[in-house]
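Using our numbering, the letters of the sequence shown map in sequence onto residues 1 to 328.
Possibly wrong hints are sitting among the right ones.
[Unchecked claim] Straight-line distance between alpha carbons at most 16 Å, and here's what the computed EDC-like set of lysine to aspartate or glutamate pairs gives:
id	residue 1	residue 2
1	124	73
2	16	232
3	223	10
4	149	135
5	149	232
6	208	87
7	208	7
8	223	71
9	216	71
10	208	71
11	216	87
12	290	212
Simulated from the structure, these hints should not be mistaken for lab results.
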Amino acid sequence: MREEIFDQTDFNDSMKDLEIIREGFTSVIFGQSQLIERVIITLLTNNHCLIEGVPGLAKTLTVQTLASVFDLEFTRVQFTPDLLPADITGTMMYDPGQGLFNPHFGPVFTNILLADEINRAPAKVHSALLEAMQEQQVSMGGQSYTLPKPFMVLATQNPIEYEATYALPEAQLDRFMLKIVIDYPTQAEGREILDASLNYDFRMVERKINIDSLNKLCDIVRKIVIDESIREYILRIVHASRNPSDYGLSSIEPMIDYGASPRAATFLAKGSQALAFLNGREYVTPDDVKALAPDVLRHRLVTSYEADAAQITVEELIRTLLEHVNIA
Numbered sequence: 001m002r003e004e005i006f007d008q009t010d011f012n013d014s015m016k017d018l019e020i021i022r023e024g025f026t027s028v029i030f031g032q033s034q035l036i037e038r039v040i041i042t043l044l045t046n047n048h049c050l051i052e053g054v055p056g057l058a059k060t061l062t063v064q065t066l067a068s069v070f071d072l073e074f075t076r077v078q079f080t081p082d083l084l085p086a087d088i089t090g091t092m093m094y095d096p097g098q099g100l101f102n103p104h105f106g107p108v109f110t111n112i113l114l115a116d117e118i119n120r121a122p123a124k125v126h127s128a129l130l131e132a133m134q135e136q137q138v139s140m141g142g143q144s145y146t147l148p149k150p151f152m153v154l155a156t157q158n159p160i161e162y163e164a165t166y167a168l169p170e171a172q173l174d175r176f177m178l179k180i181v182i183d184y185p186t187q188a189e190g191r192e193i194l195d196a197s198l199n200y201d202f203r204m205v206e207r208k209i210n211i212d213s214l215n216k217l218c219d220i221v222r223k224i225v226i227d228e229s230i231r232e233y234i235l236r237i238v239h240a241s242r243n244p245s246d247y248g249l250s251s252i253e254p255m256i257d258y259g260a261s262p263r264a265a266t267f268l269a270k271g272s273q274a275l276a277f278l279n280g281r282e283y284v285t286p287d288d289v290k291a292l293a294p295d296v297l298r299h300r301l302v303t304s305y306e307a308d309a310a311q312i313t314v315e316e317l318i319r320t321l322l323e324h325v326n327i328a
């Protein structure tokens, strides 16, 4: 029998916290269950995520609700072409009274930073944000200042507008645990949204999770059992993205210029632990890995000219990988 690595009472209590979390989201947001699930996974694993979707799909509301449910500080920054690094990180300001330069902290000093339309800012702003995401700190005036804990970047981008935008550097894309692609709500969900708007039925989060409870949830997620066979399965998926021919997929090898980095395996493992936890299990299954793999891989696979010419998308390539790579 598998040895328990955390107290069963703590696990049962955590399920009660999950009910409070779900209640908080469903009281404010109609639909978008996958988006909600993915941003919770990102927070429980202390990571960052990129959200892609057209305007009006509750991206900002979801992030605001996440901060409200967990009682965390939230800051939104609208990224624009004229944005400067200091607008994000802050700057050193001279104090005539003291005759000293003191730090003036920017909006990045928060728990949850919503980087709205992140691809509208130039590369120098991305570089400043990359340090915050990677090192959990900001450099100003030759000194480093630690960011609050937890610190999470949720960035959005619009998939249909490319004018006056800047491609995110590969190093920054790789720092995002997940890239979530969201679609329009169903007709039934649209009716709920319409009725709430016409009735001015705008609700608030009533019950919240404090920082101590959040830390306990994160600790439990880290202890979710991930069997050796599951670990090997994750490594096989990531390796297949770089060397498809090793898995009998030589036909798609010319379609991929660059596969997923080793960081993808770590993110897929940790994310699968969080997904298993959200599903009320103490262990990871292959289905957890398969469900989360597209969100971990889609911004890490770089398609080739051949794929673009043949109109083969990243989503199709990932689907092919998952269909052919099996658990040992």
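Comparing the hints with the structure gives:
{"no.": "1", "hint": "124 with 73", "verdict": "violated (26 Å)"}
{"no.": "2", "hint": "16 with 232", "verdict": "violated (32 Å)"}
{"no.": "3", "hint": "223 with 10", "verdict": "holds (12 Å)"}
{"no.": "4", "hint": "149 with 135", "verdict": "holds (12 Å)"}
{"no.": "5", "hint": "149 with 232", "verdict": "violated (32 Å)"}
{"no.": "6", "hint": "208 with 87", "verdict": "violated (31 Å)"}
{"no.": "7", "hint": "208 with 7", "verdict": "violated (23 Å)"}
{"no.": "8", "hint": "223 with 71", "verdict": "violated (24 Å)"}
{"no.": "9", "hint": "216 with 71", "verdict": "holds (15 Å)"}
{"no.": "10", "hint": "208 with 71", "verdict": "holds (6 Å)"}
{"no.": "11", "hint": "216 with 87", "verdict": "violated (34 Å)"}
{"no.": "12", "hint": "290 with 212", "verdict": "violated (31 Å)"}
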